[in-house]
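With the numbering used here applied, the sequence shown covers 30 to 612.
It should be emphasised that the hints constitute simulated quantities derived from the structure, not laboratory data. Not one of these hints is a red herring.
No more than 30 Å apart at the CA atoms, straight line, and that leaves these computed lysine-lysine pairs for DSSO-like:
1) K593 with K265
2) K482 with K337
3) K553 with K473
4) K553 with K342
5) K478 with K170
6) K412 with K482
7) K239 with K412
8) K265 with K342
9) K482 with K314
10) K553 with K482
11) K412 with K170
12) K482 with K170
13) K478 with K553
14) K570 with K553
15) K170 with K473
16) K265 with K337
17) K342 with K482
18) K170 with K110
19) K412 with K473
20) K239 with K265
21) K337 with K593
22) K342 with K593
23) K314 with K412
24) K314 with K473
FRET-style restraints, in silico, Cβ to Cβ:
25) Q117 with D168: 17 to 27 Å
26) D557 with Q117: 38 to 48 Å
27) P90 with Q289: 41 to 51 Å
Beta carbons are placed, not taken as given, at the ideal position from N, Cα and C, and that holds for glycine.
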Amino acid sequence: MTLLSVRRNARVKYDRQNRRHHAWQPSGGKVKPVTARPKDKSGIDTAWHAALGQLTGGLSPAALATAYVDWSLHLLASPDKQVELLRQSLTGGWDIEADQDPRFAHPSWATFPYNYFAQGFLMSQNWWDNATSDLPGVDPKHAQIVNFVARQLIDIISPANFAATNPQVMARTVEEHGQNLIRGARFWIEDFNRLISGHPRRPSVHCVGKDLAMTSGDVVMRNDLVELIRYHPTTKTVRPEPILIVPAWIMKYYILDLTQQRSLVAYLRDQGFEVYIMSWKDPDKDDADLSMQDYLDLGIRASVEHIKQSGAKHIHAVGYCLGGTLLSIAAAAMARDQDATFCTVSLLASQVDFSEPGELGLFISESQIAFLEDMMNTHGYLKADQMAGAFQLLRSNDLIWSRVIRHYLLGERTHDNPLLAWNGDATRMPARMHSQYLRRLFLKNDLAKGRFKVDGTSVAMTDIRCPIYCVATETDHVSPWRSVYRLLLLADTDVQFVLTSGGHNGGILSEPGHPRRHFRAGHKSEGDAYVTADDWFADHKNQEGSWWAHWVAWLNGQSGPPQKPRPVTRQPITAAPGHYVLD
30 MTLLSVRRNA RVKYDRQNRR HHAWQPSGGK VKPVTARPKD KSGIDTAWHA
80 ALGQLTGGLS PAALATAYVD WSLHLLASPD KQVELLRQSL TGGWDIEADQ
130 DPRFAHPSWA TFPYNYFAQG FLMSQNWWDN ATSDLPGVDP KHAQIVNFVA
180 RQLIDIISPA NFAATNPQVM ARTVEEHGQN LIRGARFWIE DFNRLISGHP
230 RRPSVHCVGK DLAMTSGDVV MRNDLVELIR YHPTTKTVRP EPILIVPAWI
280 MKYYILDLTQ QRSLVAYLRD QGFEVYIMSW KDPDKDDADL SMQDYLDLGI
330 RASVEHIKQS GAKHIHAVGY CLGGTLLSIA AAAMARDQDA TFCTVSLLAS
380 QVDFSEPGEL GLFISESQIA FLEDMMNTHG YLKADQMAGA FQLLRSNDLI
430 WSRVIRHYLL GERTHDNPLL AWNGDATRMP ARMHSQYLRR LFLKNDLAKG
480 RFKVDGTSVA MTDIRCPIYC VATETDHVSP WRSVYRLLLL ADTDVQFVLT
530 SGGHNGGILS EPGHPRRHFR AGHKSEGDAY VTADDWFADH KNQEGSWWAH
580 WVAWLNGQSG PPQKPRPVTR QPITAAPGHY VLD
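Model the full structure from these sequences, guided by the hints.
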């Protein structure tokens, strides 16, 4: 049996008559998936919702309208709130310190009339923030949605976004006799043409296999969903427990092997570990029926099985972003089945409790998911730019409007760099798996509540007995650190929690020597009383430098004595970075 046949053959032996569970193992016979296939939708509703979604950026109009009606009716029924807003609009607030907003931090914004432009805008922003907050009776999520949408709309009319009201743009225009605006117009035409042609990203000089994902290794396993890469050891001895890294399927794996100077896998390899990483296939319409069970079976379980066949008895498992969520599910299932293969689990910017997912949770509701399902049904997957657009809205000032100002008003192109090249190399999400992920994790929070089923039986985070190393980042807009911290409410084992400076990607790519990096670290032993996130933050002081060295020291403490690298007994399939990352 070849590994290409694993997809439908690797299934759990499950006795449906007696409802008995058996641990997963590769099987030669074909059995039906545990989860039922979603009903096919081909009616007018599906086509209409898919077309509408192209205009709304994938947002459900019904969900937005429901939130707005809830808020507006309660505002109409609250005379006290109306009087408060009227008083705020009349008394003003011209003493606002505009330079506290990064958009107006430049000294030129303190000069007349630009200081009045900035203060007037911030007054309007504060007024709307007050109008959409603290209104009794409104569903909290509806209030947050209205507040978020109002903030997005107000940001559009920021004086920083217009040449005539932006002092920096005006100064540049005078200095260059308007050439900056001419360049900006040309850049806008170029970007618009790329957008309508279906290629919105500018080509990058950085390329996978040329100066990205350059760490030496081999693809040692491939199936219909994943390639497993093993990196060549550079030390005479290695720890007996290899490291298996599970990246998120919404990104290409080489964010963790970006360049020779910023490579987490190379750093771990050079510290004396045998390192493996999974490279997910970018799904197409033929993969629409892939489920989360498939991602467990063909991804983590198939990779673990291969590593064990190479002679390893225990594995240090590492998951990044959604890969960490999937790894947590796999680890809980293995613990339930008395499988002690994982000697440690490390979760990097990964959530396991989605009760407080941050602003990303505003996009998750029954109406929104049903709308997305209809959109995905037309292609069999969620387009990469639709997911990227949702993330950009969370930081619109940094990721949208600052680029508009730089590109089209100042006439400057963003400097091409490896991280920007990786960010533009987005992936798609299979329709069935993405629907299950949104419904079962984000909407119902099944994993945290012990209802998430693997192989037909529920799993619980409390079953995991191996030590856990959990990393969160201070300014993460995808996995807010307080949401990541909620792992400590669910874990019934030793947890090392680390909070590092930076955002979702930059905080994880925090190699030693990176300037202005710091982190906090604290240990929770099994049986310790729970400490709230804010109290934990106050109790733990900053440590200067990268958290990578702290993590390696922790891994060394959980590893056996170094030994000679295990001999490679199988012929590699191809050299790293493999084929899937190039799709």
